[in-house]
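Peer 1: All chains should be modelled from the sequences, with the hints used to inform the complete structure.
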Amino acid sequence: MFLIKKWFALIFVASFLVACSGANTPESVAERFIKAAYTQDLDTMMDLIDVPKDADANAKDFVRGKFQMLLTERAKQAESLGGVKSIKAEKTTYNDDKTRADVSVTVTFKKDGETRTEHTHLIQSDGDWKIKI
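Numbers -19 to -1, 1 to 114, taken from mature numbering (1 follows the signal peptide of the UniProt record, and there is no 0), label the letters of the sequence shown in order.
Heads up, some of the hints might be wrong.
To be verified - List of simulated lysine to aspartate or glutamate pairs, EDC-like, C-alpha gap at most 20 Å: (1) LYS57 - ASP83; (2) LYS47 - ASP22; (3) LYS79 - ASP31; (4) LYS16 - ASP107; (5) LYS69 - GLU95; (6) LYS47 - ASP28; (7) LYS113 - ASP35.
Keep in mind that the hints were calculated from the coordinates and are not lab data.
Values in this document were obtained by computation on a predicted structure and should not be read as measured data.
Peer 2: Printed below as a string of structure tokens:
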């Protein structure tokens, strides 16, 4: 009986860990990226973009600076609309070999339920989906 309880506990913990880990689908990556843009989470945005392996530090700093400007603008937009209520991936289109995806993400704001559609382009890089810039 004790062994059965241990197995159920192990299965429960494993299921919990899988459920809590961020799924690596184009939709989940797109949603996390857009959420990071509206919450000024620059580190998450940088983690989710596809940076070529041969990119030097100056290129990464340039991209980081551009994203910082974007974050400031997005935060102002969200604030003027009462904040973000929800972010949901709506439509995903893949290329033929499913190594690239375009995802439309709908952002719903708290004020008047206004929505905006963001379009993201993703690429599969080393088995992970990343935002293509």
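Peer 1: Hint by hint, say whether it matches the structure.
Peer 2: Hints, verified against the model:
no.: 1; hint: LYS57 - ASP83; result: 26 Å, violated
no.: 2; hint: LYS47 - ASP22; result: 13 Å, holds
no.: 3; hint: LYS79 - ASP31; result: 16 Å, holds
no.: 4; hint: LYS16 - ASP107; result: 23 Å, violated
no.: 5; hint: LYS69 - GLU95; result: 14 Å, holds
no.: 6; hint: LYS47 - ASP28; result: 15 Å, holds
no.: 7; hint: LYS113 - ASP35; result: 15 Å, holds
Hints 1 and 4 from the earlier list are contradicted by this structure; the remaining hints agree with it.
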